[in-house]
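Engineer: My request is simple: use the sequences and hints to build the entire structure.
Chains as they are written, first to last, in the numbering used here: chain A, 1 to 51; chain B, 52 to 809.
Check before you lean on any hint, since a few could be wrong.
No more than 20 Å apart at the CA atoms, straight line, and that leaves these computed lysine to aspartate or glutamate pairs for DMTMM-like [as the list claims (entries may be wrong)]:
| # | chain 1 | residue 1 | chain 2 | residue 2 |
| --- | --- | --- | --- | --- |
| 1 | B | Lys104 | A | Asp35 |
| 2 | B | Lys104 | A | Asp33 |
| 3 | B | Lys104 | A | Asp44 |
| 4 | B | Lys477 | B | Asp580 |
| 5 | B | Lys477 | B | Glu142 |
| 6 | B | Lys599 | B | Glu623 |
| 7 | B | Lys104 | A | Glu39 |
| 8 | B | Lys477 | A | Asp35 |
| 9 | B | Lys477 | A | Glu39 |
| 10 | B | Lys104 | B | Glu142 |
Hints listed in this document are in silico derivations from the structure and should not be mistaken for laboratory results.
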Amino acid sequence: MIDFVYLIPISLALGAAGLAAFMWSLRSGQYEDLDGAAERILFDDDAKSAR
Amino acid sequence: MSCCAAIGADLVASDLQARARQQLRLAARPLGNGLIETQISVPDIHCGGCIQKIEAALGELPGVRSARVNLSTKRVTACWHETADPPPIIETLESIGYRANLYDPSADVKDAVLPELLRALAVAGFAASNIMLFSVSIWAGAEPQTRDLFHWISAIIALPALAYAGRPFFRSAFSSLRHGQTNMDVPISIGVSLAFAMSLFETMRHGPHAYFDASVSLLFFLLIGRTLDHVMRERARTAVKGLARLAPQGALVLRPDGSRTYVNLDGIAPGMRIALAAGDRVPVDARVVSGDSEIDCSLVSGESIPRIVTPGAALQAGTLNLTGALTVAATATAKESFLAEMIRMMEAAEAGRSVYRRIADRAARLYAPVVHTTALATFAGWTVFSGDVHLATTTAIAVLIITCPCALGLAVPMVQVMAARRLFEKGIMVKDGAAIERLAEIDSVVFDKTGTLTLGSPHLVASELLARDALTVAAAIAVHSNHPYSRAIAAAGRAAQEKAVAFDFVVEHPGFGLEARQGEVVYRLGRADWAFAAGAPPENAAGVVLSKDGRHVVHFRFEDRLRPGALEAVAELGRHGLSLIIVSGDADAPVQEMAAQFGVPAAARVLPAQKLDYVRSVTATGRRVLMVGDGLNDAPALAAAYASMAPATAADVGRNAADFVFLRESLLAVPQAVRIAREAAGLVRQNMAIAVVYNLFAVPLAVAGLVTPLVAAIAMSASSIIVVANAARLRGRTWRRGSSGAAAAAFTSLPLVSAGGR
Numbered sequence: 001m002i003d004f005v006y007l008i009p010i011s012l013a014l015g016a017a018g019l020a021a022f023m024w025s026l027r028s029g030q031y032e033d034l035d036g037a038a039e040r041i042l043f044d045d046d047a048k049s050a051r
Numbered sequence: 052m053s054c055c056a057a058i059g060a061d062l063v064a065s066d067l068q069a070r071a072r073q074q075l076r077l078a079a080r081p082l083g084n085g086l087i088e089t090q091i092s093v094p095d096i097h098c099g100g101c102i103q104k105i106e107a108a109l110g111e112l113p114g115v116r117s118a119r120v121n122l123s124t125k126r127v128t129a130c131w132h133e134t135a136d137p138p139p140i141i142e143t144l145e146s147i148g149y150r151a152n153l154y155d156p157s158a159d160v161k162d163a164v165l166p167e168l169l170r171a172l173a174v175a176g177f178a179a180s181n182i183m184l185f186s187v188s189i190w191a192g193a194e195p196q197t198r199d200l201f202h203w204i205s206a207i208i209a210l211p212a213l214a215y216a217g218r219p220f221f222r223s224a225f226s227s228l229r230h231g232q233t234n235m236d237v238p239i240s241i242g243v244s245l246a247f248a249m250s251l252f253e254t255m256r257h258g259p260h261a262y263f264d265a266s267v268s269l270l271f272f273l274l275i276g277r278t279l280d281h282v283m284r285e286r287a288r289t290a291v292k293g294l295a296r297l298a299p300q301g302a303l304v305l306r307p308d309g310s311r312t313y314v315n316l317d318g319i320a321p322g323m324r325i326a327l328a329a330g331d332r333v334p335v336d337a338r339v340v341s342g343d344s345e346i347d348c349s350l351v352s353g354e355s356i357p358r359i360v361t362p363g364a365a366l367q368a369g370t371l372n373l374t375g376a377l378t379v380a381a382t383a384t385a386k387e388s389f390l391a392e393m394i395r396m397m398e399a400a401e402a403g404r405s406v407y408r409r410i411a412d413r414a415a416r417l418y419a420p421v422v423h424t425t426a427l428a429t430f431a432g433w434t435v436f437s438g439d440v441h442l443a444t445t446t447a448i449a450v451l452i453i454t455c456p457c458a459l460g461l462a463v464p465m466v467q468v469m470a471a472r473r474l475f476e477k478g479i480m481v482k483d484g485a486a487i488e489r490l491a492e493i494d495s496v497v498f499d500k501t502g503t504l505t506l507g508s509p510h511l512v513a514s515e516l517l518a519r520d521a522l523t524v525a526a527a528i529a530v531h532s533n534h535p536y537s538r539a540i541a542a543a544g545r546a547a548q549e550k551a552v553a554f555d556f557v558v559e560h561p562g563f564g565l566e567a568r569q570g571e572v573v574y575r576l577g578r579a580d581w582a583f584a585a586g587a588p589p590e591n592a593a594g595v596v597l598s599k600d601g602r603h604v605v606h607f608r609f610e611d612r613l614r615p616g617a618l619e620a621v622a623e624l625g626r627h628g629l630s631l632i633i634v635s636g637d638a639d640a641p642v643q644e645m646a647a648q649f650g651v652p653a654a655a656r657v658l659p660a661q662k663l664d665y666v667r668s669v670t671a672t673g674r675r676v677l678m679v680g681d682g683l684n685d686a687p688a689l690a691a692a693y694a695s696m697a698p699a700t701a702a703d704v705g706r707n708a709a710d711f712v713f714l715r716e717s718l719l720a721v722p723q724a725v726r727i728a729r730e731a732a733g734l735v736r737q738n739m740a741i742a743v744v745y746n747l748f749a750v751p752l753a754v755a756g757l758v759t760p761l762v763a764a765i766a767m768s769a770s771s772i773i774v775v776a777n778a779a780r781l782r783g784r785t786w787r788r789g790s791s792g793a794a795a796a797a798f799t800s801l802p803l804v805s806a807g808g809r
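Structural biologist: Next comes the structure, spelled out in structure tokens:
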């Protein structure tokens, strides 16, 4: 029973971290061009396309 | 990158170039610290190779700091230094084979709904998964104290999550109730809030069952459906918006003092003199003051042969000046011009069209009263038979939770998203889900001719009959001009793989043609009365002649070629029981020729208002018309038809009026779209049936008081997953059996419009 005291906050914090990460990625425009992202992963020259 | 078909780089006159750069500066958005951002719409981007090619080419331009391609919206965002001269971005894109247009940032209304839905979805997902973790341990048999603790934690997570993620539903339910109607969101909102309220009550009195997990995961599933529905519409909207704007945004006005200024469309007043270069569209209705030229009316009236204009001739807004520079006097403002008139007719037609109720809304109208009556009856029944009001309330709320239209909320959007995806793969954009539903129900198709059944641009007739050396010379001259006829000759030359001929110089005489000199020999390619030595009789004016030192060498004729796949597309639609007709604004002869070729009845010389009347009269007989057209003159009919389709080359107005826009050249897009829409309609019906069957099993359980939170969670998830899986079966390949029955018999029942007249 005493384990709950730290296990429950940890599980909630992990979930909240995931939520926050998603919110951040949404706000920083990572979902604006999903088709483009799918293609860009195949490019060789990272230096050039990452400009 | 071999997969990118290069669209030959055309030489653009230098004054056009200068104006394009001026516009580039006007459309730019300053970012601060000396940088300017410009968005360019490039509709031909379609693969990773395109991204690399464009980003590399633009990145090398002096002054450009960065260029980034967005493949989804088919736009390039270029960032350049303010101090630098505007870099030749458009020209560079065209030189590597991409048509490019400036994207008007003012037209870009930021989509605020999608981020809200996504945030709500994320919150609901987070809450649902966490609450489910606690629920699983409760179902596994937790001690009463632990169970209460977990219920309380679930309540603390569920309350803010529901308040935040439920807003899209609560808002819509509230506004619908205020107008005295119900929609799907009303039972959803009631179910979710009551489930939460009852669970909270149970938690406070240490009850064994709480439905926090059900209420939050319900919201999560429903938000998935809602978000998909929205994404689909938004994607099509941005893709269509990114296509080339064909209407002029302004014109070069000649001031009385001799200066020239570029004036916006709204600023043009009647009487102003406008300089119209070859290749410009006529901005407002106008009269020619000086100059000779040919005018391409295909997009405006459907006429396939260019019209020759001389001083005094009237020009309609939206027509294209082909050959020579003209000075015209505006006879109307932009608001009174032909274009604006078409838009008014279109809006009137749209307003007159009976409002289409989406399948989901129609289902909700039936569904909501049934759900609420069942819940009430359950409450009354349990109160009477057990006398326990608390038990009766719990059971009634369990009925509401279990009947919450979870599967129903996903049934339609899931199928439509899949259908939109299949259509997108085939190069067809859909405006919204309702369009797919409507397209599945059509029984007649009305085709425009020019630009729809045909490509709308001239092609050389029977070039194989021409002397090869004549074509060689003509093609070598023609590459120096942007005129559609020159392009057609140059394209024919390229197709025949002629070797380039060198000339000492080539001059374009606007309104007449091209003159090339090779030593002592003078070639002229252009209008017959100009190319021949004085006194030669002007021949058929529609063509172009090549003369050598004033003597006739060869006469080129042009035709508007059939759109690829047109014959097959029309045949396939006919085979599947749709009645077809061609309604065109073009002259009798070409229309009747086309009608004979397709074996489809046709009406010629139809005015825009008559096209609209025709669609209305057919609709009045109870038929559901699909209008396929591209021109300005088709726009009102497109808006009035039950469903409508336009090629990407259509006039802006027509494209906006159409439910579907196909980006590829082939007309096979029409039967493909109809096929996919019909298959989607079948799957929607199946999904509805699944939802009904689910309720047939689940509702008796709930009414009997047997639904525990575990049963509710399993039932709702299972029905949602089944519906989603069923939607994923949409393939869009073959016609289903049975639809091919009643064939061309329906032809005769379509009334033909009287040609001309009125």
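Engineer: Are the hints correct? Go through all of them and say.
Structural biologist: How the hints compare with the structure:
1. B:Lys104 / A:Asp35: Holds, at about 16 Å.
2. B:Lys104 / A:Asp33: Satisfied, since the Cα-Cα distance of roughly 17 Å is no more than 20 Å.
3. B:Lys104 / A:Asp44: Since the Cα atoms of Lys104 of chain B and Asp44 of chain A sit roughly 13 Å apart, the hinted pair holds (cutoff 20 Å).
4. B:Lys477 / B:Asp580: Violated. Lys477 of chain B to Asp580 of chain B sits at ~47 Å, over the 20 Å cutoff.
5. B:Lys477 / B:Glu142: violated, 29 Å
6. B:Lys599 / B:Glu623: Violated. Lys599 of chain B to Glu623 of chain B sits at ~49 Å, over the 20 Å cutoff.
7. B:Lys104 / A:Glu39: It holds: about 13 Å lies between the C-alpha atoms, which stays within 20 Å.
8. B:Lys477 / A:Asp35: holds, 16 Å
9. B:Lys477 / A:Glu39: Roughly 19 Å separates the two Cα atoms, so the pair holds.
10. B:Lys104 / B:Glu142: Since the Cα atoms of Lys104 of chain B and Glu142 of chain B sit roughly 14 Å apart, the hinted pair holds (cutoff 20 Å).
When held up to the earlier numbered hints, the structure conflicts with 4, 5 and 6 and fits the remainder.
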